[in-house]
Structures are given as structure tokens and as C-alpha cells.
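**Student:** Residue strings, one per chain:
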Amino acid sequence: MLEPINVSLASLNLVTLSPMLIAIAGGLIILIIDLFKDGLHKSLYVMMTILILFVDFGSVMGLNVNERGFFDVMLIDGVAIISQLLILAASILFIPLALTSKRFHEYSYPEFFALFLFMIAGFQFMVASDNLVLIFVGIETASLSLYTLIALHNRNNSYEAAVKYFTMGALAAGFFVMGSAIIYALTGSIELYQVADVLQDRINEPAVMGTILGGSIFLLAAFAFKLSLFPFHTWTPDVYEGASAPLAGYMSIVPKIAVFVVAMRIFGMYIDLGVEWVRILILILAVLTMTLSNMMALVQQDVKRMLAYSSISHAGFVMAALALDTTKGNTGIFLYYGLFMFTNLGAFAMLWISRHKNRIFHERYDHPYEKFAGLVKIMPMGAVVMGLFMLSLAGVPPFSIFWGKIYIMSAAVDAGYIWLAVVMGLNSAIAAFYYLKLIVYMFLYDPVENDNTVYYNASKPLMTIIGIAVAATVGSVFFMQPLISYIFYMVSASGY
Amino acid sequence: MYEQIAFYLFSVLTIGLFLVTVLSKNILYAMTSLAAGMVLISGFFFMLGADFLGVVQLIVYVGAVMALYAFAMMFFDATRDIKEKTTNDALVFFLGGMVALMLVIIFAAPVFSENIQAMYPVVEGVGNAQAVGLVLFTKYLVPFEVAAVMLLVAMIAGIILAGKKMDHSLTTNDDKVISQEDTK
Amino acid sequence: MIGLSHYLILSGLLFAIGFVGVIRRRNLLMLFFATEIMLNSANIAFAAASYYYHDLTGQMFAFFIIAVAASEVAVGLGLLIVLYKKFGTLDLDDLASMKG
Amino acid sequence: MDNILSVLIFFPAVAGLLGFVVDKSSARVYGISVATVELLLAIWLWMSFDGTNAGMQFVELIPLVPDFGINYYVGVDGISLFIVIMAALMTLLGMIGMNIEKDVKNMIISLLFLEMTMIGVFVALDAIVFYLFWELSLVPMLYIIGAWGGPRRIYASIKFFLYTFTGSLIMLVGMLFIAYLYYSVSGVWSFSITDWYALVLPVNYQIWLFMAFFAGFAIKVPMFPFHTWLPYAHGQAPTIGSVILAAVLLKMGTYGFIRFSLPLFPDASVMMIPFMTVLAVIMIIYTAMVAYAQEDMKQVIAYSSVSHMGVIVLGTFAMNAEGISGSVFLMLSHGIVSGALFMLVGVIYDRRHTKEMSEFGGLAAVMPKYAVIFGIMLMASVGLPLTIGFVGEFLVLLGFYQVSPVATVLAGTTIIIGAMYMLRLFKRTFFGPITNEANRNLPDLNAREMTALVPLVIIVVWLGVYPKPVLAPIDTSVKALLNFMEEKAQTPEAKETIILSKQTKEAE
Amino acid sequence: MEKFVYIALFAPLVSSLFAALFGMSPKKTFVGVIASLLLATSFVASAILAAYVVQTGHGIHVTMMDWISAGDLAIPFGFVVDHVSVTMMVVVTLVSTVVHIYSIGYMDHDKSFNRFFSYLSAFVFSMLVLVMSDNFAGLFIGWEGVGVCSWLLIGFWYHKKDESPEVNPSISPSWAANEAFIVNRIADLAMLVGIFVLYWNTGSLQYDVVFAALPYLDESVLTLAAIALFIGAMGKSAQFPLHTWLTDAMEGPTPVSALIHAATMVTAGVFLVIRANPLYSMPEVSEVSFFIAALGTFVAFFAASMALVNRDLKRIIAYSTLSQLGYMFAAAGLGAYWIALFHLAAHAFFKALLFLGAGNVMHAMHDELDIFKMGGLKKVMRGTYLYMGIASIALAGIPPLAGFFSKDAIIETAFNEGTLFLWAMLVVTAGMTAFYSFRQVFLTFDGDERYKEFDIHPHEMYKFVLVAMSPLALLAIIAGFFQGAFQEFVTSSPLMPDYVMSEHTHHLAIYLGILVLIFAVGGIVLAWKKYGNGLKRDEKCENSFIYQLLKNQYYIPQFYAEFISKPYYLLSHIMWKSVDMKIIDASVDAIAYLFFKGGDQTRKMQTGNLSNYLNWMAVGLVLMLLVAAVTALIA
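Residue numbers (the working numbering), protein chains in the order written: chain A, 1 to 496; chain B, 1 to 184; chain C, 1 to 100; chain D, 1 to 508; chain E, 1 to 635.
Isolated chain A (complex conformation) (with noise of 0.2 Å):
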């Protein structure tokens, strides 16, 4: 018979649990909202999502670093901390970006909302555990909201979008159990510090070094896929069109912090074990990655296109940091996210401002370059935020991507792998280029033609909005000393 098993409620840590469940509340609380009462705008609903992440985000603040809760499931550490504040802050910024002046179809459905914020859940889930179990019931439930949040855009191109994307990731979930399995077979446990535990003691014996490079691979092609690095990016482009920009700006970047989080927790510990054949791959990864698409990127038509093989550029730039593999490079990671967020944002936000519901300037792409032709005739004022947006993306000083450039590649420099920061400068090069085309487009051309289209889906949010992606943009360097400290302090406190 088994033993009955008391467990002290204190020894549980509940608080750990807090700001996921906050979130998992609010979303129940907004489906009974609607429950009770059909037909409410989509305002309100905005405006509770505000409210609940910003009651989650200080929950996350009261946070202590380094706690365990929940029979070791829950993992607060430092990492854990700043990417749930990152993940919050990039969906308090998204949310309000609901609020055009047109309507559009998913923010009909007040499940948008709850599906939102389950999906924050589940990245909160992701990022603060190092069970695979947890982990992968995390990604899961994050994904499914996503596809499905994608999917109610409503018009052809998301469905072809969600169902692409829903397709490739049943395949890297498949990846993800087959690599877990491995794990689990060689090792015994899904944790991770058990697992570091045990491959520590074999990793000496001559035939299981690949078993372990096989499972961490499996793992890898998962997280491949999660952060679009080549080959796994396919999905990427057409499910950035096929969303909506604001939507797209957001899955450029929260999805991408919890999965590097996770990355950071897995294949951290197998280079920390000197499976050295992991950091290779992840390094031949990133700089594939970052190298073709900002090829593929040259050559795009279409402005969200472009966004989008620049965001899987920009990936595979922050990869390249995590095969490092030192505190700078990881803590280089959140950094650049920390920027990238804003400006990334901005640049999708200021698509979906001139998102027109039925002129067509191409028969198949919704932002054409030659749709901002001569902007900034029209409108000088978002002609020079979108410009900043891409002097920033391009890292040209003073704007913010510009200071995680260099502390990424000041972290390579430091590891030794200067030929990695050489390869991220041409890159940054040759991603100048496709920055440069729009900049060329809205100022050096004149107007394709000459109406205020562009206007279309302004409101007062999006204007705000834009406005704190321009502060934060232009103004980076006067918080980068207390962002970079306290980035450097949580990551180090965590042992990354």
C-alpha cells in the first residue's frame, strides 16, 4: 500500500505560480464576462488584458530570484524573471494595438482576449521550469492559442498561414517528445538539473556520446523551429503575412524569448557538459540562419516580407549568442529582445496603421514598398518614425538595436569567437541594405499615388504606442546602464 503523503502547503511556494495563474484567471474571467453579457466593444476587453498583464507583471516583480516551488517543478530564477517581464511588457505594448479605427475581425471574439492571455500563461509556464513535462504542455498550449489567434484574422491567407504553421509545429512537437524521450531514456529523469546530474557521470562512456548529441539534436530542430533558424524558418514569412502586422510583430518576439529561455536552459547545460558538437551546430545554425534570410530578405517586394526575414535574421543573430554560452552572450539575449521589442513593434504597428481593409496596391501583398513611395510627402511624421524604426533595425548608434549589437558581439569578441562577430557585422551590412530600400522608398521617391491611405487604420492607441517604441527607440541609451545591469545581475544570479 502506499504511504499517504503530506505535504506542507508552505513547502509548496505557491507565490511562484501566481503570476501564470493571474493570467489563466483573467482569461476565465473575460470568458465569463462574455457569458454574461454579449455584444460588449472590444475596448473593454483591451483594457482588462491591460489590466490583468499589469497585475501579472508585478506579481512577477515580487518575484524573489532562485526559488523552486511546487515539487521543484516551478523554476524562479533570474532568466525566469526577466522574460516574463519581457514577455508582459511586449504584450501590454501589442494589446492596445487592437484599438484601430477599423474593425477587424478578431477582436470581435472577446476569446481573442482569453486565448491571449492563456497563451502568455503558457509562456510563463515555459520559462519558468526546467521539467520537459511542464515545458512541453507550456509550448503546447501557447502554440494551439497562437495558431488559433493567427487563424481568426479571418481572411485566406490566415487560415493558410495557421495551418502551415500548425502543420510544421505537430511536426517539431513530434521533434520535441522524440528528443525528450531519448533524454528520458538515457537519463531517467525530465529535469533538467537531473539530467545534467547524470550525463555528467556517462558522459566518459565512448558510445553514448551519440545518443546524447542525437537527443539533443531532436531538441534542437524543435527549438529550430520555434525561433525560425534555417531550415526550420520556412513557416516564418508566410505565417508573418498571413497574420496581422501587430500579431506578427508579436510572435517576432514573445514566442522567441520563452523559447530562448528554454534553449538557453537545455543547450546551455549540454555545452556546459563539452558537448562541444552542439555549440558547432547551433553556431552553423545561427549563421546560416542570419546569412540566408537576410539574402532572401534583399529580394522581398513586400515590406512585411522583408519584416519578417529580418526578424528570422535577427534570431539567428541572438542564437549566435546563446551558443556562447557565457553570462554576457545570454545576458546579451534579453537585451537584445529588451530592444528589438520595441522597435520590432513599432516598425509591425506602423504597418498595421496603413493596413487598408480594400485598396489593393498589389494583387497579392498587402504593404508593397511602392505603397510607401514618397511617404514622406504625405505623412513626414511616420515617415520619419518608420525611418528611425529602420535605422534602428539596421544598428546604426545611437538606436537602441544598435547596443545589443554590440554587446552580443562584444560577448562573441570575449568568448574568442571573433569571426563570429565579424560574420554578425556583414550581416548587419547586408541587412542594411533592405532597411535602406524602405528608407529610399518613403523619402527618395515621389508618391505612387497621392491620397491619404496611408492614414487608414490611425487611432489614438496606435499613436501612443508608436510613440513609446519612438521614445524607447531614440532614447535607448540613457536606460541602457540600468537595463544592462539589471539583465546582467538576474542572468549571472541564475548561473547562466
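Just so you know, not all the hints are guaranteed correct.
[To be verified] Straight-line Cα separation of at most 20 Å, DMTMM-like style, residue types lysine to aspartate or glutamate; simulated pairs:
#, chain 1, residue 1, chain 2, residue 2
1, D, Lys468, E, Asp72
2, D, Lys502, E, Asp72
3, E, Lys378, E, Glu460
4, E, Lys161, D, Glu356
5, E, Lys530, E, Glu449
6, E, Lys161, E, Glu368
7, D, Lys105, A, Asp446
8, E, Lys577, D, Asp296
9, E, Lys577, D, Glu356
[Stated by the list, open to error] Here are some chain D residues pointing at chain A (derived, C-beta under 7 Å):
#, residue
10, Ile158
11, Thr166
12, Ile170
Simulated from the structure, these hints should not be mistaken for laboratory data.
In this text, a Cβ means the ideal position worked out from N, Cα and C, and glycines have one as well.
Starting from the structure of chain A, add chains B, C, D and E where the hints point.
**Tutor:** Quick look at chains B, C, D and E alone, frame taken from chain A:
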């Protein structure tokens, strides 16, 4: 001895059934063989002492999932033979073969470790369901709850995606059209 | 005597079959079948390892995999339904309006 | 006013921001007023500058990212002082001489931002701040070339941007590596150049780092074979763009060599002398030949810029006070002279909307004042004594003779082939009968153009006859630099090659 | 005395600036007058300085201000008035004063009258800087300054158009100006190298410091410095092979030819060698010095030979200038610096006179220069005829005119040094000189009046011009008598070594003189026989190879055009079109294109087809697994 016979029999059957699933042109055959394969897999679970898992497998897969697929199949009117363009079979089988080969090589290594300290050991004399229940509701309670949320998400997703509201897209219609629809 | 490796290799073979299905199938519904196979193959590996280690963790993982598989089916079918309503087909070769 | 440098940097930027509010009709006057104030501030800087002090003056240090060693750190010494003044001067005169109808306001704002970045580059003492201004300067220039340029302006502007950007990113890696080395030695992150100066680097590191910085600077200078963006940029840019580009932006490269490469990597710099010499000599002769074949007036001057920049590079690597001082002085003189020449070409372009030499001929009779000023600038360009052009060129060649007589003779051919293309240009444009009727009634320089050009003529003659007020502070700082390099150099060859002046030696 | 130094130096500058003020106005006679007065002032100041130097026996050294100082280099604006420079100053200011006055008449009808005076005075200023400077850099200022003024003045009539040599044997002034400038620049480069050598080995550019340090220098350094400086001198003094520009420079107005291309600027090279005589006297560089002498002799003969057949009035005189410069270099190279300087001064007077006379002829003949189209002009132009005659006699070396003394001394020096070959060449050249001088005089002034065919009505120059020319004529006649005094004066300078003939030569001097005289008179007689009674063209002779060779200047200009100018342009064009555009720029663009092409290729993987995407994932996985398996197998 029985174990060996059972293993090899089940293995061959499972592989055969799943091959039918993957290669058959007829969706009905594919689905039926998939369901049969799932049943056989639950057989493995019983062989491996995971009774609870075996039962869940039977209920969820054969009961729920297969039923869903069956409904979907009817919805899509996919009972007829499906024409698929399989242009590069060589590549597909090469890749599949390679994956199989690699996995065999990887698993052929002496992966089993002697000195594993089981975290949640199988207790002798206790039913599998009971033991599983204990672990599931202590250690894996959080994932369990998250899985619940996940299922909720799946439910909501299924409902709204398949719902009628999706038939009229607010995204592609002009605002004037939408407001007319609203007033209806 | 049947060892862990036997089960693992079986799991690997099943995974490869599912894998072939995923990359070969052009009909989305049948493609989803293949993903189920892949998930199930992992289940066998988990259950086997769990048995040989006398550890329940593997069964836990397998349990969650089943849950995930079920959820995926729900969402996947939901997506397929809207897709079918708009495109009238499940053939993914007809699903290539975005490219380049 | 101790923070005059910050004022100098940010005054144009603030003015640029406020410029958005100024009405289009008054933008030009606004710009000129701002630029005038800026020039006066720069002159004030000169007046309060202590010419006998070789070190950095008016230093300001504000931590920006102390954890990462990035500070807002600026200061000025004899080497940078005059380039700053020149930047302010050329901006002002360029604005005065500017003849643009389209989007004047945008142009003025761009110019003001450009001025900020130019001054920032030359006073920055923190590598990241330097890099920041360096990259930022590309943006307004891109706009200026792209928005007001010729038919292939977009190609030209993108080429300009990307080429420079690529090189400087490699330079950035070099900077990060030095910072890392500094960190590993001292345990503190720092990007301040003065801290780096204290760092003694192993020679093999020095060579790699030298090459990294070379990538950034060489493209900017632009050195052969990285120069091909320049003819396009100049060819397509509006007059004001060419003026600023030639006068100031190119100097960033050579200034970088002096500020970074020489003191940070003294051994590598000495080892690289043959390499740099070969490139510089090719640059001088080859581009001069290319200039000779040009049909477009502006292209002649564009290629001549490359050729003259070769002389500047050569002087930088002379490793003696004569050569380096000459090089710095030549930066100034080239800035003034090429700026003036581009303005002059602009004058004729405004009138005829063509720059082809074959369209002209006999202009001397029609536009005598123009011809006179062009002639003076031409003579300064070919290095006639008692014009500004001679002093630098003479000192550079004199200095470099100590390093390599053969290379000096080859480089010295610049005075021959330089004269060849310039005289060909002058002859085809100004001499001969008036063959094209369209030229017969061209108006001579108007008051606005005279206002822009006459100060340059005065400077050309003044600094040609009496360069001392400028040369002396430069020389003081250069001697200190050499002294420092000699102390820091590790290899005996380097110590031997770096030649201190007798006065410096005696002072020791 | 210092103020006279500055007056002498800056009066021409003031004059130039004053004239420049009116540079764009129509002709104003007072500009010319004031310029002439200022030049005269300069001359007077120079004369006073000369008197002072004669009296006190030592020079004046003033330092006006610093010019360039960097590193150890310190170059002041310093001026030295010593025996050598004061001689030059007097000659330069005198000739230029005369030329200024002459120009008032000559440029009478030119619309750019004021500009002309500005340039001319600027030239004089530069020339004075050149001769008065106390250091090599200052010399270089003047050196380049005269180059520019020469460029301006040769190209003074810039509005004439280029014509191919077949249409018009003379070339356009602007072309000639550029040629002169560029050829001079080639030599200037060498001169700069010389300056660098001296600086790096002596630490200074001041004459006194450099000369004091010479004994301590290596032979190679000295040789290099001597060669480099001499190449510099060759350019300015138009020595072979840099001589072509001088004849082309005759495209400038005639007063310019008189001042710059006969009396002053072209002698700057000689002046440099004289100035740097401590260097050239060093025993280590005796070979260089001998080369100078040999080259001088060669040029004397070579130029004279071309003068024999030329039909262009000014070009004949230009060749004669070239030839006489050869004489000067011969003397300087042989160590007879004071003789060279003396010939320089004497030559300045009669050659300027000759040119100004030629200018009168041109004025009369409406810019016609072909002497075959003249003849019999003595009837209308008596004064000019007289002046030209005197100058030609002086040039031919007929006693007692100046040329005899100066040239004979050079020939004697060649004999004295034992270089008999040089001596023989110089003697023969003396005969040729006489021949071509008088060929020109006879063809111009005697014989039949061929100009009438061309409907030209010649007239004599203004009276005041003729009066202004008289000092030159006077000096051309009497300068020779001061040979002794000059020697005594100049050689009293510590920097100027004396040169005296050996006893042996002294004994033979009278015979040598008579020999030269025989050649000279022979040349004149021959010229009279051939041309005294009008032009009789000899087809056979004119078609002979030698005649054609000489007429075409030994084909050297053609050689330069074909083998230097044209290839250079072609090469430049190739460099631009093929190398710069097709190779360098194209490779930069190719890199960019490569990325584009790569992007175009890579985007093909983005087919939009989900199945392909899944395949890509599979490929990625398999590739990575392959790595793992290989690792496993290796382990």
C-alpha cells in the same frame, strides 16, 4: 518467451498498420489502420506495466480522437480515394530511411544505465493507476492543470474556428458593409 | 529477452514511419494521422524506459503527450474546417498563395 | 565655458529639431544664422584653446553605460581643433552657396544634423561615441545625396551608405576586441581612447586590429581599391553634398588613422608602412590618371580628391612630425580647396545644368571672376607655394622622404599628374573660343556665390602665406603623439622608425 | 638698407595687385604707367642695394617672418641680398622695367591690357623672391611662382582655339601654357627631392646652414642632391630633354617672351646652379658638374642647329636662347660660375632687346611671324632694325659688344679645362649662332619686300617704346667692358669662387678669340651670301633629310606626343573605363549582386508549399542527425 513472441508480433503488426496509414490512398483504410495501431500500442503499454496509460490510450485515441477524425472525414466528404501528388518519393523515403537508420544507430548504443535512482519508483504491490495518480496529483499537478487549460484552449479554438461567425470576415469587408450586417 | 533497446528501436522505427507520412502526405487530414504516429512512437519509448527504470516519470510524460495529441486534434480539425470552408480542399498543394 | 564642445555638438542638433517648426520660406536664413553661430562658437573654441598644450582640452566625461565602459567623453587637441572649425566653416559657406529650390527646409535640417555628427566624430574620445557619430553621419548624407542628387542618385547614395557601413562594422569588431583586451588586463570595461592608449598590445594582435580599423577608415578615406563609391557619390550629389563630403566626411578616415591606428598600434603601424605606402601610391597615381580621362568636371574633382587623400594617408604613415603635421594640415587644405572646387562646379551647373567639359570652353571671357577664383583654387589644388595646398603637400612629401625616397618620388608625381588633369579641365572649360552659344551670355558670379567663395579664397592665401597659427598647435599635438608612440612601441624597428623631432628629444 | 630690400621686393607685388584691381576693366593706360613706375622704383632700390653691396662688400640678410615650421623644419621668409642676388635683382628689375614700358605700347590695342600688367608684375615679384630668398624653400616659392606667371602669360590669349599642327604650325597659347607648366612640374619634382635630401641630411634648408654642412655629407647624398637640383634647373632652363616647352611658349605676347623666356625665368636654372655652387664645387660631385657642362654644350649646339632652318621669327630667338643657356650651363658646370653669371646678365640685355625688336616687327606685321613673308623692313623700321642689328651682333659675339666678352670667356673656359671636345662644339656653335642670327636679320629687314604680297602695311613702333628700349641697346653694347669689374665684384663674395684662366690659356687667349671670331664672321658672311639679297628657296636643300630633321625639331615634339601624351591619355582612359569601372567597381557591385542572386536563389526554397517546408525541416533534422551518428560511430 511469451513476452518475446508478443513483442515481435505486436511490433510487426504495428509497423505494418502504420505503414498502411502512411502509404494508403484510401483515407478510410488509413484511419482504420491508425486506430488498430493505437490499440496495439496500448498493448505495449500493458506489457510494460503501464496499465493506466494503456487504458487512457484506448479511451482517448480510439475513443475520442478517432471519433473526431471520423466526424471530420464525413464533414470533408473524404471517403473517396484521395489523389495525392507524390512527386519525390525517392527523397521522402531516403529521408525517412535515414531517420530510421539514425535512430536505430542512436538507440543501439547502450543507453540503459544501471545506476539510475528512480525518482518515483514503481512500488511493488500497488496498482499502476494508484501509483500514477499519486505522482500525477503531487509532482505533476501543475502540468496537469496546465493541460487542463490547454484543453480549454483547444475547446475554445475548436468552437470559434468552426463557428458560424467565421463565415463573414470583418477583416476583408469594408466597415460600411460590417455596420449593415451589425444592424441586421 | 526483450531489452530497452528493442522498445526504443521499435519506437524509432515508428517515429520514422510517422516522419515519412508527414513529409509525404499531401492531404492535411492524412498528414495529421502521421503526426499522431510520431507522438505515439515517443510514448512507447517513454513507457519502456519507465518500465526498465522502474520510474513513473516516463508514464507521466506519455500521459501528457496523449493530452497534447488530443488538443492538437481539436485545434487542427477546427483549422481544417475553416480552411475547407474557404478553399474547398484539404490538398496542401493548393495552399501556396504565399511564397517567395 | 568648459562645456563648449557639448554646445558645439548639440547646438546644431537642437537647432535642427527646432528647424522643423520654422517656415519653409525662412528656413534658409535660419540655417545660415545657426551655422554662423556655430562657426563663431568654433572660433571661440580656437581662441580659448591653448596652443602650447599638446593634450586634450575642454574634456567632458559623462558616464552613459558605466557597466559596459561607455561614456560620453569628448575633448579636443591640436589635431582635431581645426577640422572642427573647418566643418563649421564649410557647413556655413555651403549653405550660403547653396542654390536649391526644392525642399529647402529639409535640406537645412539635414545639414544641421550632419554638422552635429561631423563635429561629434572629431571631438569624440570614446570609441563608441566616435562610432556613433561616425555611423550617424551617413544618414543625413544619404538623404542629401538621395533627395537632391542627379539621375542615379539612389544608386549612389545606397552605395555610399552600405560601403561605409560595412567597413565600419568590421572596425566596430576591432573596437570591441580592444575593449575586451583592456578589460582582461585591467578588469574594467572602457571604451575611452585615452584609457586604451595605456594598453600595450602584443604585436600580432596589433596587426589584426590594425586591419580591422583599416577596413573602416580605408573605405571612408577612400583608399584604393575601396574608392569606387566616391565618384558616384560626388557625381550624383548636389553641390552642397559634395562640398561637405569632400571637405569633411572624407577626413574622418584619415583622422581615424591618426587618432586610433597610430597611437594604439604603433608597432603594427610601422609594420604596415609598406602596405599603406603601396596603396597610397597607387591611389595617388592611378586615380590621378583616371581623373585625367574624365569628361565630367565634377568627376575630375572627385577623383582628384581620392588622389589627394592618398597624399594625406602617406603623410600619416611618415612617422615623423613633418609628415604627420603635414598630413593634418593637408586635411584642412584639401577640405577648403576641394570644397571650393565643388562649389565652383556647382556654380556652373546651376547655370547650365550640365557638368560635361565638352559643353564649355572659353568661359574665362564670359565669367572672369569665376575664372579667377577657379584658377586660384586650381593652383591651390596643384600645390602652388603660398597657397594652402602647398604647405601640407610639401610637408608630407618631405616627411615621407625619410621613410622611402622611391615612394616619395612616385607620390610626388602628384604635382605633375595633378597639374595635368586640373589644367586639362581648366583649359577645356575656360580657355579657347566660346564654341557653345549657350555659354555666351552666362552671368558671372552673383553676390551670394561671391560671399561663399571669397572667404575660401582668403583662407587659401592666408594659410598659404602664414600657416603658423594653425600649424603650430597641430605640430605640438603631433609631436606629443610621436613621443607617445615611441615610448609605447615594443619592437626595435618601430622605435627606430618613429622619428622624434630634435626639440622633443631635447625636451626629454 | 632693409627697407630697400622690401621696396625692391614688394614694389612689383604692389604693382601687380594694383593692376589686378582693374583686371576686369577696359584698358586704362595709367595702370601700365603706374606699374612701370613701381617697377622702376624696384630697379632703383635694387641699384641702391647693389651700390651698397659694392661699397660695403657684404650682403644684407633679413628675415621677415616664419612661414612653415613643423617638426624640426623651420622655414622663414628670409631674404638675402648678396653679390649674386643683387646682380640678378638689378638685371631682372632693369629688364622688367623696360619690358613694362614697352608693353604699354605693345599691348596698346589689347582689351586685357590691365590684366597683362598684373601678371607681368606678379612675375617680377616671383622672380625676385626666387633670387632673393635665403633658403631653398623660398627659392621654390619663386620657382613655382614664376612658373604660374609664365603659365598665365603664355596663355594670355587663351581665347585662341586649338588647331591641329597641319592647319597651323603654331599651337594654341593655352596648350603651350599647359605644356610649359607640366614640363616644369616634372623638373620641380626633382627639385623637391633635392630639397628633401638636403633637409634630411643637414636639418635645414637655409643656404648658409646647408652649405656649411656639405663637407660632412656622404658622396651619395651629395650626388643625389646635385643631380636632383640640376634636374630642377633643367626644367626651368629648358635643357634637353625638357626643352620643347620653350619654343611653344612663344605663343605668349612678345614682351613676355622677352622678359620671361629670354632674360629672366629661363635663367633661373643657371642661377640655381650658381647659387648652389658650393654643392657643385664639391669634388665628390665633379662628375655631375661635368655632366652639366656636357649637357650645356650639347644643348647649345642642338638648339642652334634647329634655329638654322626655322622660319618663325620668335622661335628662332627662342632657340638661340636655349643655345645660350647651354653656354651658361657649360660655364657653370666647368666651375666658372662668375662667367656663367656674367653671360647670364649680358645675354639678358641683348636677348631682351632682340625679342622686343621682334615684337616691334610683329606689331608692324600684324602678328605675322614667318620671316619668309617679310623682307626689306629696314626702310620702314629703322630704329628696330638698328636695335635688332645691335642685338644680333652681340649675340653673334662680334667685339666689342657684350656677347663677345661673355661668350668668348666661356669658350676659353672649355679650352682651359682641357675639355677640347666641348670647346670645339662651342666654337662651331658660335659660328652657327652668327649664321642664324643674321639669317633672321637679313630675311626680315633686307632683300625684297615680300610682305607686300600679303597686303600688310608695316609701320614703326611708338617713339617712347624705342626710347625705352635704348638702355638695353646701350648695355648690349657696353656691358662687355665691365667684365673685369664684374669679376672683381662678384667673386669678392665668400660664396662665389673665382675662376681664372691658366697661364697657358692666357697665352693662347688671343688666338682662341680670333678663332671664334673667324667662325662668327664666317657665319655672318654665309648668311649674307645666302639671304642678303632676298629669299632664294632651295627646294633640294629643304627636302634633304637633315633640313627636315631640323625643321621638325628632331621630331622630338612628335615623339612626345606619340609616345607620352597620347599613350598617357589612352592609358588613363583604360584605367577609367576598364580598370576602375569594369574591374574595381564591378567587383564591388558583383559582391552586392552575388547577395542578390543568392537571395533570388534561396527564396526558391520558399515555395509556399507546406510539403516542401516539411521536407526542409526533415532535411535539416537528417543532416544534424547525420552529424550525431557520425560522432557516435567515431566514439
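**Student:** Next step is simple, just say for each hint if it's right about the structure.
**Tutor:** Hint check:
no.	hint	result
1	D:Lys468 to E:Asp72	14 Å, holds
2	D:Lys502 to E:Asp72	6 Å, holds
3	E:Lys378 to E:Glu460	10 Å, holds
4	E:Lys161 to D:Glu356	19 Å, holds
5	E:Lys530 to E:Glu449	16 Å, holds
6	E:Lys161 to E:Glu368	17 Å, holds
7	D:Lys105 to A:Asp446	17 Å, holds
8	E:Lys577 to D:Asp296	14 Å, holds
9	E:Lys577 to D:Glu356	17 Å, holds
10	Ile158	6 Å, holds
11	Thr166	4 Å, holds
12	Ile170	6 Å, holds
In summary, the structure agrees with every hint in the numbered list given earlier.
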